[in-house]
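Colleague: Can you build the whole structure from these sequences, using the hints too?
Sequence order for the protein chains is S and H.
Start counting the first sequence at 452; every next residue gets the next number (this note's numbering).
Start counting the second sequence at 452; every next residue gets the next number (this note's numbering).
Pairs involving identical chains hold if they fit within one copy or between any two copies, as the list cannot separate such chains.
Pairs of lysine to any residue, SDA-like flavour, derived with a Cα cap of 25 Å:
no.	residue 1	residue 2
1	K680	R478
2	K760	F806
3	K617	D498
4	K760	I619
5	K609	A527
6	K564	F723
7	K760	R615
8	K617	D757
9	K627	R792
10	K760	A805
11	K760	S621
12	K773	P807
13	K617	D522
14	K773	L715
15	K685	P807
16	K685	A707
17	K760	P620
18	K564	K727
19	K685	L662
20	K617	M756
21	K773	F806
No lab work stands behind these hints, which were simulated from the structure alone.
There are 2 protein chains.
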Amino acid sequence: MNMRISTIASLLLLLATGSSLSADPLREQAQGLFEPIPSAVPALPGDPATPEKLALGRMLYFESRLSENSDISCAACHNIGMGGVGGPATSKGHSGELAGRNVLTVLNAVFNKSQFWDGRAADLKEQVVLGVMANPAAMLKTRGGPIIGDSAANNLTKQHIVERLKSIPSYVEAFKKAFPAESDPIVYDNIGKAIAVFEATLITPGAPFDLWLNGDDNALSQDQKAGLKIFIDKGCSNCHNGVNIGGGAFARFGVAQSPGPELLPSDDWGRFAVTKNVADKYVFKVPSLRNVELTAPYFHAGQTMDPRKAVAIMGASQLGQKLSDGEIDKIVAFLKSLTGRQPEVMLPILPPNAFPAP
Amino acid sequence: MNMRISTIASLLLLLATGSSLSADPLREQAQGLFEPIPSAVPALPGDPATPEKLALGRMLYFESRLSENSDISCAACHNIGMGGVGGPATSKGHSGELAGRNVLTVLNAVFNKSQFWDGRAADLKEQVVLGVMANPAAMLKTRGGPIIGDSAANNLTKQHIVERLKSIPSYVEAFKKAFPAESDPIVYDNIGKAIAVFEATLITPGAPFDLWLNGDDNALSQDQKAGLKIFIDKGCSNCHNGVNIGGGAFARFGVAQSPGPELLPSDDWGRFAVTKNVADKYVFKVPSLRNVELTAPYFHAGQTMDPRKAVAIMGASQLGQKLSDGEIDKIVAFLKSLTGRQPEVMLPILPPNAFPAP
Numbered sequence: 452m453n454m455r456i457s458t459i460a461s462l463l464l465l466l467a468t469g470s471s472l473s474a475d476p477l478r479e480q481a482q483g484l485f486e487p488i489p490s491a492v493p494a495l496p497g498d499p500a501t502p503e504k505l506a507l508g509r510m511l512y513f514e515s516r517l518s519e520n521s522d523i524s525c526a527a528c529h530n531i532g533m534g535g536v537g538g539p540a541t542s543k544g545h546s547g548e549l550a551g552r553n554v555l556t557v558l559n560a561v562f563n564k565s566q567f568w569d570g571r572a573a574d575l576k577e578q579v580v581l582g583v584m585a586n587p588a589a590m591l592k593t594r595g596g597p598i599i600g601d602s603a604a605n606n607l608t609k610q611h612i613v614e615r616l617k618s619i620p621s622y623v624e625a626f627k628k629a630f631p632a633e634s635d636p637i638v639y640d641n642i643g644k645a646i647a648v649f650e651a652t653l654i655t656p657g658a659p660f661d662l663w664l665n666g667d668d669n670a671l672s673q674d675q676k677a678g679l680k681i682f683i684d685k686g687c688s689n690c691h692n693g694v695n696i697g698g699g700a701f702a703r704f705g706v707a708q709s710p711g712p713e714l715l716p717s718d719d720w721g722r723f724a725v726t727k728n729v730a731d732k733y734v735f736k737v738p739s740l741r742n743v744e745l746t747a748p749y750f751h752a753g754q755t756m757d758p759r760k761a762v763a764i765m766g767a768s769q770l771g772q773k774l775s776d777g778e779i780d781k782i783v784a785f786l787k788s789l790t791g792r793q794p795e796v797m798l799p800i801l802p803p804n805a806f807p808a809p
Numbered sequence: 452m453n454m455r456i457s458t459i460a461s462l463l464l465l466l467a468t469g470s471s472l473s474a475d476p477l478r479e480q481a482q483g484l485f486e487p488i489p490s491a492v493p494a495l496p497g498d499p500a501t502p503e504k505l506a507l508g509r510m511l512y513f514e515s516r517l518s519e520n521s522d523i524s525c526a527a528c529h530n531i532g533m534g535g536v537g538g539p540a541t542s543k544g545h546s547g548e549l550a551g552r553n554v555l556t557v558l559n560a561v562f563n564k565s566q567f568w569d570g571r572a573a574d575l576k577e578q579v580v581l582g583v584m585a586n587p588a589a590m591l592k593t594r595g596g597p598i599i600g601d602s603a604a605n606n607l608t609k610q611h612i613v614e615r616l617k618s619i620p621s622y623v624e625a626f627k628k629a630f631p632a633e634s635d636p637i638v639y640d641n642i643g644k645a646i647a648v649f650e651a652t653l654i655t656p657g658a659p660f661d662l663w664l665n666g667d668d669n670a671l672s673q674d675q676k677a678g679l680k681i682f683i684d685k686g687c688s689n690c691h692n693g694v695n696i697g698g699g700a701f702a703r704f705g706v707a708q709s710p711g712p713e714l715l716p717s718d719d720w721g722r723f724a725v726t727k728n729v730a731d732k733y734v735f736k737v738p739s740l741r742n743v744e745l746t747a748p749y750f751h752a753g754q755t756m757d758p759r760k761a762v763a764i765m766g767a768s769q770l771g772q773k774l775s776d777g778e779i780d781k782i783v784a785f786l787k788s789l790t791g792r793q794p795e796v797m798l799p800i801l802p803p804n805a806f807p808a809p
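Modeller: Written as structure tokens, this is what we have:
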């Protein structure tokens, strides 16, 4: 009797599991809209990864001497241990210098179709080359903002930084090893290539949503599944889709209803600065929602810490719909399922400035 | 014949090695003045290390939410990957906010007899409690300077920070595990205790000088040995001695001859701010010379990047002697032998601010 019951139980379990894998309509719909983060690091076209280039890129990512005043590194604003952003303050605008756009996460950035809020960089290398090397004040003031890559100040800075790296024996060695075919490897472009190779490793596979997408029914709670369904049915997934659940398209913020000047400052015209096309006024890149639990504050002006408020604003401004508290709670529960395994990175030991040999 | 020669050779080698271990007068003299960095992490009285407390301390060390504006962590100024200091900029004073004293390294700080340039903190925990938690501007303006631990602003900040940590579920968990005997473990003092336990692990054993001190003749070059002899004979080791080759005593900067206002700003009275004793005017802690290769710039005002210049200044201001270029080169060669194995630290994954549960 007992045996029979347990046998029946196992059979039922088997059936349940089997059927869920093949015929869960929500999963089938989701699989058509989203892709899991791959577990393997993606290769970068024209920038093959080698252990030496990766080691150099990790050093440069944490290297504050890449800024004119040697006081700000990639890691300063893109803290790998904090969701790949700088934490609340960088967008609080608590000091004039920290005004500008909200920091976008470096995690999974390799999967975005363009970089920066206005998509002015095509890939990670270009993002580094355009974004990293202005002098810190300029970089902070225009962080993610107007193109600074071509300004005279920035070119001067680029030259300083290359000279600075050339003056540090360990970097001369490291660049030789990372770019063995080049006679003069310490050039600006290679700084970008090495950092891009490191940044491509900063991916977060294994999110509950991805486990569920791959067939694990128990990876999501009922509320999270309900939230996903609302996310799709209401139209959030029209823009937030693909591997990064965003990062692939541009959209006008406030297409249905303006979110107001605090969230949409009138002096930041977004993608217009890149295309000069009037139709791109107040158009921004649809940000990835991967690890959104870790990347508050939200929106390009970074004025919202509360994910519930952020979801409500999106419903109104982009979809022209007032979402109910229950709908918002379920969507936020779903968003929490987008947090993947955070990359564990060993802090690099950086070389000292030139010191006389013994 | 060949055999005989090789036998004699080995005998001579044996003798040489044997004798160097027992009777190298320079080593015997050095062993009386200096101690190697131990390979084991020292225990902190009243603050026993546990894996849980160590994990919490590592998180808090990198936690910018310990500052009022959530924009500066211990690691921001004490970069473990750069000799435990912030690199050139922190002392360049390139912005008003960054004025103040030169950052002292966190590496081997556990072996100093007191903390800060004026020795106002007795140990690492007190250094954290006095130094960390003022609002960033105040912290930077007075970094290492006047005591800020008792100011109203700072007490307010302390309260904010405790409340902030209590609002982050993962920290509530982490403090419970780190201080299991306490009913309300998120208190200011425990922040200091956890960070101190982590900082005590940041030691750099294995420096060539330590290997030589322990009997390895080949760990130092001839120039480095000559430099050590000059370092002792000229009197540098009167203050720079012990495990940290400094960090154990106080001395008036310019006791023999003033180094001038750039290196000794007249508005920074040093230890006088702590003791109110006129004899302590312009008295500062003798800094450790461990890893000095990595900790430029030098002196409390941080106005010297060049180790040769720094040695020349010390000779004149503290010993009243003009060191020759040859003497300076040899001393600098010796100083390079004080660079030990740098600690390898995994960047902690920091918890997000509270996010609704699924």
